[in-house]
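Given these sequences and hints, build the entire structure.
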Amino acid sequence: MDLEYSAEEIAFRDEVRQFLAENLPLEIAAKVDAGGELEKQDMERWHAILNAKGWLAATWPVEYGGTGWSTVERHIFSEECALHNAPRLVPFGLSMLGPVLIKFGTEEQKREILPRILDGRDWWCQGFSEPGAGSDLASMTTRAVRDGDDYVVNGQKTWTTLGQYANKIFCLVRTGTGGKPQAGISFLNVDLDTPGVEMRPIKLIDGGHEVNEVFFTDARVPAANLVGEENAGWTIAKYLLTHERTNIAGIGFSLKDLERYRRMASAMTRDGRKLSEHPIHAAALAELEADLEALQISNLRMLANARDGAASPIDSSLLKLKGTQLRQDILALMRSARGPDAAFWDESPANTNSDLPPHADHVAPTYFNNRKLSIFGGSNESQRNIVAQTLFR
Amino acid sequence: MDFSISQDHQMLADSLRRYFSDKYPIELRNKAGYSAPFHSPEVWTDLAELGVIGAFIDEDHGGFGGTAQDIAVVFEEVGRALCCEPLLGALMGARLLALSGQDQAAEDIVAGTARAAVAIFEPGVVCNLGAISAEARQLGGEWRLFGHKNAIYGGPGADLVLIAAHAGGKIGLFLAQSPDMQAAPMIDGGGIGDLVMDGLPAACICEDASAMIEETLDLARIALCAEANGAMDRLIAMTTDYLKQRQQFGRPLATFQALQHRLVDMVMELEQSKSITIRAVASFGSDDQARHVAMAKNLIGRAGTKISEEAIQLHGGIGMTWEYAGSHYAKRLVMIDHQLGDRHDHAGRLAAMD
Numbered sequence: 001m002d003l004e005y006s007a008e009e010i011a012f013r014d015e016v017r018q019f020l021a022e023n024l025p026l027e028i029a030a031k032v033d034a035g036g037e038l039e040k041q042d043m044e045r046w047h048a049i050l051n052a053k054g055w056l057a058a059t060w061p062v063e064y065g066g067t068g069w070s071t072v073e074r075h076i077f078s079e080e081c082a083l084h085n086a087p088r089l090v091p092f093g094l095s096m097l098g099p100v101l102i103k104f105g106t107e108e109q110k111r112e113i114l115p116r117i118l119d120g121r122d123w124w125c126q127g128f129s130e131p132g133a134g135s136d137l138a139s140m141t142t143r144a145v146r147d148g149d150d151y152v153v154n155g156q157k158t159w160t161t162l163g164q165y166a167n168k169i170f171c172l173v174r175t176g177t178g179g180k181p182q183a184g185i186s187f188l189n190v191d192l193d194t195p196g197v198e199m200r201p202i203k204l205i206d207g208g209h210e211v212n213e214v215f216f217t218d219a220r221v222p223a224a225n226l227v228g229e230e231n232a233g234w235t236i237a238k239y240l241l242t243h244e245r246t247n248i249a250g251i252g253f254s255l256k257d258l259e260r261y262r263r264m265a266s267a268m269t270r271d272g273r274k275l276s277e278h279p280i281h282a283a284a285l286a287e288l289e290a291d292l293e294a295l296q297i298s299n300l301r302m303l304a305n306a307r308d309g310a311a312s313p314i315d316s317s318l319l320k321l322k323g324t325q326l327r328q329d330i331l332a333l334m335r336s337a338r339g340p341d342a343a344f345w346d347e348s349p350a351n352t353n354s355d356l357p358p359h360a361d362h363v364a365p366t367y368f369n370n371r372k373l374s375i376f377g378g379s380n381e382s383q384r385n386i387v388a389q390t391l392f393r
Numbered sequence: 001m002d003f004s005i006s007q008d009h010q011m012l013a014d015s016l017r018r019y020f021s022d023k024y025p026i027e028l029r030n031k032a033g034y035s036a037p038f039h040s041p042e043v044w045t046d047l048a049e050l051g052v053i054g055a056f057i058d059e060d061h062g063g064f065g066g067t068a069q070d071i072a073v074v075f076e077e078v079g080r081a082l083c084c085e086p087l088l089g090a091l092m093g094a095r096l097l098a099l100s101g102q103d104q105a106a107e108d109i110v111a112g113t114a115r116a117a118v119a120i121f122e123p124g125v126v127c128n129l130g131a132i133s134a135e136a137r138q139l140g141g142e143w144r145l146f147g148h149k150n151a152i153y154g155g156p157g158a159d160l161v162l163i164a165a166h167a168g169g170k171i172g173l174f175l176a177q178s179p180d181m182q183a184a185p186m187i188d189g190g191g192i193g194d195l196v197m198d199g200l201p202a203a204c205i206c207e208d209a210s211a212m213i214e215e216t217l218d219l220a221r222i223a224l225c226a227e228a229n230g231a232m233d234r235l236i237a238m239t240t241d242y243l244k245q246r247q248q249f250g251r252p253l254a255t256f257q258a259l260q261h262r263l264v265d266m267v268m269e270l271e272q273s274k275s276i277t278i279r280a281v282a283s284f285g286s287d288d289q290a291r292h293v294a295m296a297k298n299l300i301g302r303a304g305t306k307i308s309e310e311a312i313q314l315h316g317g318i319g320m321t322w323e324y325a326g327s328h329y330a331k332r333l334v335m336i337d338h339q340l341g342d343r344h345d346h347a348g349r350l351a352a353m354d
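As they're listed, the protein sequences go chains H and E.
Numbering follows my numbering, with no gaps: position 154 of the first sequence is 154.
Numbering follows my numbering, with no gaps: position 307 of the second sequence is 307.
Derived from the structure by calculation, the hints contain no laboratory data.
Given the structure is predicted, the values throughout are model-derived calculations rather than measurements.
Beta carbons: idealized from backbone N, C-alpha and C, even for Gly.
Take these hints with a grain of salt, some might be off.
[Unchecked claim] Per label pair, the in silico range of CB-to-CB distance:
1. H:S312 x E:T255: 25 to 35 Å
2. H:E259 x E:R246: 35 to 45 Å
3. E:D354 x H:A267: 27 to 37 Å
4. E:V264 x H:D2: 45 to 55 Å
What follows is the structure, encoded as structure tokens:
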């Protein structure tokens, strides 16, 4: 048994570290570290820096402008990015649509769309969930009816993350009826400036604007925008949702949050002693550290399985479950450490000119916002169902 | 043995519940609670007229209540309606003013014509009164205050701010008129302020106030526990309704046993919370007061957080939205744990008691 990375992998990690140290803008890293919201240009700037280096599309083959990295290299890269406070890359073009087109798209679609994802001309968002179709995605009802060279789309999508910055959306639409609900679904790309497409913001629990709803009213979309065969969308969606989940445990984010917590606890006093010496906080931290140590090994075991072609279908579900629970527990402890000052609230967390007293920060909004972790990306209940169905098959 | 509340208390609860349900929709609450002045002056006047603030002190001081039970009855309805008016400041302020013999000021609070807030704790001091460092000095025959008070509930816009500070080897209580403070909304609604004092003029209303401050803090903790009980009750009802109504996979979510069991656990936590509050109310003023109040605040800190997290999760994305009232209940319940000592602070206090 050998728990260490190979010499090549360590050399790769050092290269990533050096690149991040030299190229990640300090002001962006500081915003990420403070837990503030990033602006669109921050995300675009980091996207362009990685693209210039050729390190943007970690999961794509080299021939399409990807890195060609192994699963272990991808893991090292994403962990180092989190540890250095790099912004999280918006996944919809890079990790979702890109791999889908590479597997299911026509040559023309690949040539046309992939370069525009890389150079940032297109910002994609996702149109899967609907008000009546969350965990039960196959019950979705947004309809696309073929009319000449177009589809006419009617319906509503929701929880469209960062849709306010996007110019394109990939959607699941219903093109067939009868049979199983999964059978009549197609995968369709839509320009957001198409007449009849309207995006409206959804305000979240922490006051932030992160998700949207998208309404389609007789929107005419060229049939050439279909990805894969008509009525084959479910297969594509399943591929998209299960593709490349090596980062699903969010290890880097948890490592970084624990580091922030330690920094915070050693700088704070609580009723006359350092918070880091408060026995209850110290015990809670120790347990979280044990959990995270184990989760890191679980993640590496899964990576090794994937590398060796021996991945289990429940690996990613278990990692998602534990990874999100752990991160939420860390954020709860940070919130708790802040004591009464956690209540101070500034509606625009990125605003550094705020009226907040200097000892108040964004731990409470961050905690509330990240309750989403166990809801999105396949709710934790859905993940438990996947594991249970495998166990009791 | 009899766990029923008196007819008078039931009438008070009913009239409050009716008022909130008729006059205090969530839209009004959210509009008032998240932007200056962080409450609704109209609602405040109504609450004073309904006798809500009068229930906080006894008849000798212009009120008509003042028992822990009176306070619990009011705050449970406050929690059920998610009312974010600055009642905690009024409760603590009216009590401390009455106990300090400031009868006119206490009457003004009860009448709703003046608003009070208390400034006791400081950055890094959340529960231990003895660890505060603010000082009062006499300069030219006038008291001046020095130090930093944080997280003053209902502080923004308060007319009377009661401030704890060291003077002459004791902790005294000082009264300042409308001091300027750094004001912000709380993430769960309502106003909060920080007060940096560098020679703030104030009147000394009690030279040795430790005992009355501790007693008032415990009463305020009971109020927070009762508020949490009302909010938990409502949030569990909303979650139950949602699971009954929301269909996935061709049937209501309420038919999934895994989800039913989670509701059961939430109800169990609520029952425990109600019971420990009853215990603390009954022990108020007795030798067991500090222990039972610390137990209540600890237990309810845990229960409120768990119920909030589960309610959000069981609602799915809807539970994360601003538009859904449940998200604001969840925030309030989590943040109640941060007020006047959290679950960890009170567990620590309990562990240190004989």
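Checked hints:
Checked against the hint of 25 to 35 Å, the C-beta distance between H:S312 and E:T255 comes to roughly 30 Å, which is consistent with it. For H:E259 and E:R246, the Cβ-Cβ distance of about 39 Å falls inside the hinted range of 35 to 45 Å, so the restraint holds. Between E:D354 and H:A267 the CB atoms are about 33 Å apart, so this pair conforms to the stated range of 27 to 37 Å. Checked against the given bound of 45 to 55 Å, the beta carbons of E:V264 and H:D2, roughly 47 Å apart, stay inside it.
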